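Novice: Dock chain L against chain X, hints included.
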Amino acid sequence: MTTNRREFLKIAGVSTLSLIAPAIVCPAWAKDKIIPVSNSPEALSPSKALTAKRWAMAIDASKCPADCVDCIAACHATHNVPGFGNPKDEVKWIWQEKFAAAFPNESHAYLRESLQKQQLPVLCNHCANPPCVRVCPTKATFQRHDGIVMMDYHRCIGCRLCMAACPYGARSMNYRDPRPFIARINPDYPTRTKGVVEKCNFCQERLAKGLGPACVVACKEKALVFGDMENPQSEIRLLLEKRFNLLRRASLGTKPQIYYIL
Amino acid sequence: MKKNKWGLIILGLVIFIIVITFPFWYGKGKTSPAPTLSLDTPAIAQLKEKRCVEDTSFMRESHMKFLGTWRDGAVREGKRLHTARDGRVFEVSLSGTCLKCHSNKEQFCDRCHNYLGAKPSCFSCHNIPGEVKK
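If you're matching them up, the sequences are chains X and L in order. In terms of my numbering, the first sequence is residues 6 to 267. In terms of my numbering, the second sequence is residues 4 to 137.
Here chain X stands alone, though its shape is the one from the complex:
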């Protein structure tokens, strides 16, 4: 049988119609029965939630007393961060680095000795141009409108591309089930599971409840200042105007949002 032009066009037309028909007719039994959630902002988040256009943090490391780990302890207790007891598998949300490790480009042998010995608190930089978000194949890591680089653990497939992309080592993989390694589970925050990457979330769950980040609240020396970079009258902006500050590896172009006053 040979198909002429007319026959071919008929068949093509009927095929196209049959493909688009379900979308046009859309029978009731094929519709999703999910309840639409109202979209007004007041109806979506509690009124006491802290909001900003661009969250950022300033760390005045000169205020940090030697051997103080209050911020780390508070963060780990709040977010159920496991301790595997093995530096290779360490899960890091906020941790300490020497100056030479945190600022490799600014470090040299004749730097003030106290600075060379100092342990700086380091955490996810919540970059304005985050490489981890760019490489994530499932969009499990994403950037919120207020600048927080956040993880949707439900979507993480554990590929670890984000760990390779992050120049600050701020992401950690759960190679084992973390639950047995959590000293004391905080029932108000979920744990993670085997095979997902985790990192600091700028305490977005606390901000939604109107509380400041756990590390900032725990710091007795007020070395950590958290605030809105887009608001010129915010505490963090006034502080950064007064004191000279550095960004970690700013030359990479990630636009980190943790400002270090040294």
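The hints are simulated quantities; they were obtained by calculation from the structure and are not laboratory data. The model shown is predicted, which means the values in this text are computed figures rather than measured ones. Wrong hints could be hidden among the right ones.
As the list claims (entries may be wrong) - Only pairs whose alpha carbons sit at most 27 Å apart, straight line, appear in this in silico DSSO-like list of lysine-lysine:
1) L:LYS122 x X:LYS144
2) L:LYS53 x X:LYS199
3) L:LYS122 x X:LYS214
4) L:LYS82 x X:LYS103
5) X:LYS58 x X:LYS247
6) X:LYS103 x X:LYS247
Specialist: Structure of chain L alone, referenced to chain X:
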């Protein structure tokens, strides 16, 4: 020789059909009792109107999709409050809202999930209140 080959083919087909229909004839005539879900928890006993976030038939049919929209809305868009169709407002939280009433996860969630062989992974991360001491 040719006849012998056809015999083998038919034997193979018969074995294939027996194996592929195994689940249908193996369970025939046997009944397994439907799970009975318990609503006997202190939080539910205190409710004046025994009503979940949405009506029972919707929750029974679509709770998994519904929880999916809660999950995506809360994590990705920061929607932390849910206004139900009858106007009541709930906090979007699995451990905090769902399990506050259904504090008997083993007699409620698990019974049906075990019966159907559904294995949701919610609780490999989310906490079950009461299982962890505060």
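Novice: LYS82 (chain L) and LYS103 (chain X) were given as a pair; does the straight-line alpha-carbon distance stay at or below 27 Å?
Specialist: Outside the cut-off at roughly 39 Å; violated.
Novice: Does the structure keep LYS53 (chain L) and LYS199 (chain X) at a Cα separation of 27 Å or less?
Specialist: Answer violated: LYS53 (chain L) to LYS199 (chain X) is near 38 Å, above 27 Å.
Novice: Are LYS103 (chain X) and LYS247 (chain X) close enough, with their CA atoms no more than 27 Å apart?
Specialist: holds (25 Å)
Novice: Within 27 Å, alpha carbon to alpha carbon, are LYS122 (chain L) and LYS144 (chain X)?
Specialist: The given pair, whose Cα atoms are some 24 Å apart, holds under the 27 Å limit.
Novice: Does LYS214 (chain X) sit within 27 Å of LYS122 (chain L), going by the straight-line distance between their CA atoms?
Specialist: Judged against 27 Å, a Cα distance of about 32 Å means the pair is violated.
Novice: Holds or violated: LYS58 (chain X) with LYS247 (chain X), Cα cutoff 27 Å?
Specialist: holds (22 Å)
This entry does not satisfy hints 2, 3 and 4, going by the numbered hints stated previously.
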